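Novice: Now for the letters of each chain:
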Amino acid sequence: MLDSVEVTSRVGEILTAHKGMEGSLLPILHAIQAEFGHVPQAALPIIAQDLNLSKAEVHGVMSFYHDFRENPAGKHVLKLCRAEACKSMGADRVAAHAQKALGIEWHETTTDGRVTLEPVFCLGLCACAPSALVDGKLVGRVDEAKLDSIIGGLK
Amino acid sequence: MKIYLPLDSAAVALGADEIAHALHAHAKAKGVDLTIIRNGSRGMVWLEPLAEVETPTGRMAFGPMALADVPALFGDLAAHPKALGLTDDLPWMKAQTRLTFARVGVIDPLSLADYRAHGGLKGLERALGMAQADMVAEVTNSGLRGRGGAGFPTGIKWKTVSEAKADRKYIVCNADEGDSATFADRMLMEGDPFTLIEGMAIAGLACGATKGFVYIRSEYPVAIEVMQKAVEIARAEGVLGAKVMGKGPAFDMEIRVGAGAYVCGEETSLLNSLEGKRGVVRAKPPLPALQGFMGKPTVVNNVISLASVPVIFEKGAAHYKDFGLGRSRGTIPLQIAGNVKYGGLYEIAFGLTLGEIVDKIGGGTASGRPVKAVQVGGPLGAYFPRALFDTPFGYEEFAGKDGLIGHAGLTVFDDTADMLGMARFAMEFCAIESCGKCTPCRIGAVRGVETLDRLGRGDASALPILTDLCNTMKAGSLCALGGFTPYPVMSALTHFPDDFSTQKEAAE
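Top line first, the protein sequences correspond to chains A and B.
Following this note's numbering, the numbering of the first sequence begins with 822 at its first residue and continues without gaps.
Following this note's numbering, the numbering of the second sequence begins with 294 at its first residue and continues without gaps.
In case anyone wonders, no lab produced these hints; they're calculated from the structure.
Since we're looking at a predicted model, the values are computed, not measured.
The C-beta atom is built at its ideal place from N, Cα and C for all residues, glycine as well.
Be a bit skeptical, because a hint or two may be false.
Stated by the list, open to error - Some chain A residues close to chain B (C-beta under 10 Å, calculated; not the full set):
id	residue
1	Glu878
2	Lys900
3	Ser909
4	Gly911
Make the full structure from the sequences, and use the hints.
Specialist: Structure representation (structure tokens):
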């Protein structure tokens, strides 16, 4: 569990670093997520006060975007592209394989907290589809065998 | 020894970093003095990772490189198993007209000296000697239209902003390239970031704007990193800052990162996101050109539109306009993707037919099966059957066939594609990504999925409902997300009726 004093002090530093920036809320939320791995609820009122917004407005922005997490993800995040170019090369089959291998559906985390599986709509790797993003590492031409070796490597 | 090896995301996704590592290790073991330049991609994705070795006769290409191919690069190059010959002589490279992408893959993306040596900043130098109205006229005369998909004349947009009176104006680059099958923006930003910076600086001069933003989607980590570094270099070298190129008015830039919302590629939604709000679409008017970022006059242009500006200023509007077809002037970076043998980026004048692009350049499917459909213009574009392969690539030509060219991405599907499934996916995607502001999109997309499921179960009475729903979405949505989702749905239904009827028979 995150220490609320720690959250308050780090969020305060992040807010100071973004002073004077036009439309700073997204960069602030990105910085907080980079720091904690998710956006702790305790951060929202602090951001709201600093930017002169209501807590509801900050929550509204955070919840609008797919990237921001309310809760920590698993130790590893596996994102598989579900978009058209990847589908034309068998992304649906690969995704079904991943779900079976991990025993989870989209947006879920394995019970041991090891892997979170998420869909992504296009990584711009459409000429070497299907594609994946494994903890920030791009992978092209993902098939079932490659996926097994990726999942096996996530300890 | 000098080797070029792309830092481009596609090359990295296919193992370029591992190849670079192996090259360094091997050179060290052999005592070879090796320099690796991490360049942009030449666009031949099926050959990535593509290594190029500098030789007295030119750059020799080797690809697709596997780790096992690394040692032989230090031996007799002509005998290398992956030797392709000189890069410039490859048919894919020779047949193109690279104006916007002239430097991508050629230069070191983060070397301003290399950029200058290849014609960079000449356009900006010329613009600095011109009056604002002449700069705008140059863009208008080039015939450049918005490459993001809408095809609105760029010069007219600039004119509106240039003539607007305000204490602050902005240039916003839309780099939220979320359409499947498109990666031209990404490749340009990764391979030649200074071109985009130069284009934005010219836009700033022409419109009297002093601040620019590039809004890049978070799914593009490499592009974000390269652009951030490039802006810092451009600032340090005096290209950007209080005086553009040390003599002009002020113009500076900031890189902003999106957060996974497809709808933010729509310009008004993007502006809201940039302002730190929910990425909800704004009703127009007011036009962003008059009331855009923070309510101030704002140019919102796509990456490729802005990146085409430097060459227009360097070589003149007439040079650019001479390429093309009808009202589609200049060149277009085609992105050939999906189930295709030779996928990648191919810049050429407008006017090739869809069949030439898919069969000749793309070489048909990767699976070797017959081509069934090509989706042109991303997830909001129509599916084209073989019967329409004679359609020439141009804005009006595709509109005339109930389609669109969008950002010029093409996804090829072989005969195993299930078009009812693809139509359903279009509706599902719209439902997931809808910003929720307008009813036809927010509710229509959900109803669309349900209706297509009914059709899938063989309920033919759902057909008129689907058609009616698509008409409502098309006419009543605020932006292209809800408004264009009917394109893939209706084109699948119109051109591939068998996929819809087979499902019915199966259910009966």
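Novice: What hints, given by number in increasing order, does this structure fail?
Specialist: Of the numbered hints given earlier, the structure breaks none, since each of them holds.
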